[in-house]
Amino acid sequence: MKRMIPLFITFASGFLIIMSFFIPHYPVGELTNIMKEWYMVVAVFAMILGILNLFKVNAHKLIKLKPGWWYALILISALIFMVIAGWIGGMEEGSWFDFLFKFVYTPLNATMFSLLAFFVASASFRAFRARNIDAGLLLIAAILVMLGRVPLGNLISSYLPLIQSWIMEFPNTAGQRAIMIGAALGVIATSLRIIIGIERSYLN
Amino acid sequence: MKIKEFDRRIIFIFIALAVIIPLLLPLNIPIPVDKSMNNGVYRAYNLIDSLPSGSVILISFDFDPAAAPELLPMGQAMVAHAYSKDIGVITTALWPQGVRFAEEALLAHAHTYQKERWNDFVNLGYKAGGVVAIDNIVEDIKKTYPLDLYGKSTAEIPVLQPVNTNLEGVSLIITLSAGDPGVIGWVQIGRDRYGKKVIAGCTAVSAPAYRPYFNSGQLSGLLGGMAGAAEYEQLVNLPGTASSGMDAQSIAHLFIIIFIILGNIIYLVNRRKTVK
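Residue numbers (our numbering), protein chains in the order written: chain G, 1 to 204; chain W, 1 to 276.
It should be emphasised that the hints constitute simulated quantities derived from the structure, not laboratory data. From the three backbone atoms N, C-alpha and C, an ideal C-beta is built for every residue, glycine too. Heads up, some of the hints might be wrong.
To be clear about the criterion: a stretch of chain G counts as covered by chain W if any three or more of its residues have a C-beta under 8 Å from a C-beta of chain W, and this derived list gives those stretches [claimed, not checked]:
1. 5-13
2. 36-44
3. 115-122
4. 140-150
5. 170-178
Using C-beta positions, here's what the derived DEER-type ranges look like [claimed, not checked]:
6. G:N204 with W:A204: 47 to 53 Å
7. G:S158 with W:N166: 43 to 49 Å
8. W:A204 with G:W96: 48 to 54 Å
Let the sequences and hints guide you as you build the complete structure.
This is the structure:
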């Protein structure tokens with residue numbers, strides 16, 4: 001019974017959503033709309049659950065003074081402070097929340113993403129090798145695209161942006177389409193397996 | 001010399017200098033704009049430019065601060081373009097952090113073009129639920145958002161008056177997306193199911209993945225990374241942070257290419273030595 005009920009809910013939900021594409025009228029359409037509203041409510045609760053879980057895990061780490069407890073302290077302090085700042089001072093321009101978001105959170109997050117440039121440079125130097133013809137072609141294409149995408153490329157030769165555009169439009173699109181079609185077929189197959197009840201890994 | 005022995009901190013220093021120096025001392029390398037219809041940026045610009053005054057567009061800010069240096073300039077330039085054409089702007093966000101960036105983009109040029117909240121633009125805020133949220137927004141935006149970010153009823157907001165169910169009255173959807181939920185959801189629901197025109201702005205790393213949607217016509221415009229944002233800024237004649245960042249990106253790309261070539265030379269020399 002513990003397995004049958006979740007399987008039935010999964011089947012009924014999946015089947016109903018698929019049916020609504022073919023029968024958008026009453027009662028299928030109405031039921032689907034209700035389910036879509038439920039989904040959005042559940043999604044919000046999932047966020048709350050995530051925050052509570054984050055709080056619980058880090059509070060435990062902090063209380064037990066486990067290695068790296070100071071990170072937990074910073075996380076919990078920042079979490080509480082942001083909530084209080086937004087709650088009391090509002091989120092308008094010039095508020096504490098706005099200040100923290102613009103001048104603390106945004107630069108920190110952007111910095112983490114910017115580190116990618118350093119790792120890309122280091123990884124390219126160490127691993128991007130013309131070991132054979134295929135790798136050589138990839139390397140040449142990468143160099144042409146990197147130069148063609150920036151204004152410096154146009155300064156070197158006006159042909160570079162055109163070559164870059166051609167690489168992106170034809171060989172890239174062809175490769176991407178193949179990947180997308182393969183992935184889409186995989187998604188369809190997995191979804192059907194879940195709806196029918198063959199794939200049950202989500203039940204643990 | 002072995003590549004493994006090479007101190008990667010040297011590479012980090014070169015990249016840091018390649019980014020910092022052009023930001024402090026701009027080289028002012030001219031930013032070319034390809035005015036052909038193959039260019040997703042020009043196509044997007046043309047589409048917004050062709051909208052009649054009084055039209056309404058929806059811009060979804062689906063990104064977090066990590067992608068803001070690439071995507072926020074696009075948002076600011078597009079909103080400014082819409083203001084200059086007297087086009088109403090509705091903003092939504094499928095990522096919670098996107099709400100603040102929507103607000104920043106809406107207010108950046110509002111004073112210059114004398115635009116007022118609710119009359120000319122509205123920030124509807126964040127909605128959880130990913131693709132399902134997109135479906136609900138397109139189906140009935142006022143039902144999905146009964147209130148805007150500042151608690152005003154959407155039924156009373158002037159800029160939303162021409163907007164009905166199935167986004168009737170909205171001429172164009174623009175998604176500025178750093179991942180999922182974002183471009184694919186808006187294409188699948190907004191374009192493929194409801195026939196709305198969709199323009200995408202995305203990070204440079206994800207632009208190749210969205211190119212097939214642009215080539216097939218499912219995307220009516222595609223802006224990729226800081227280069228796309230800089231091109232748009234040039235088109236609307238409002239050079240901003242993206243344009244000023246292109247010098248740094250040019251030099252950084254050049255250094256990465258030099259490192260790749262250097263790495264390959266060392267590799268070939270070592271291979272010859274091994275063969276001998």
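To see whether the hints hold, each was checked on the structure:
no.	hint	verdict
1	5-13	violated (count 0)
2	36-44	holds (count 6)
3	115-122	holds (count 5)
4	140-150	holds (count 6)
5	170-178	holds (count 4)
6	G:N204 with W:A204: 47 to 53 Å	violated, 39 Å
7	G:S158 with W:N166: 43 to 49 Å	holds, 45 Å
8	W:A204 with G:W96: 48 to 54 Å	violated, 34 Å
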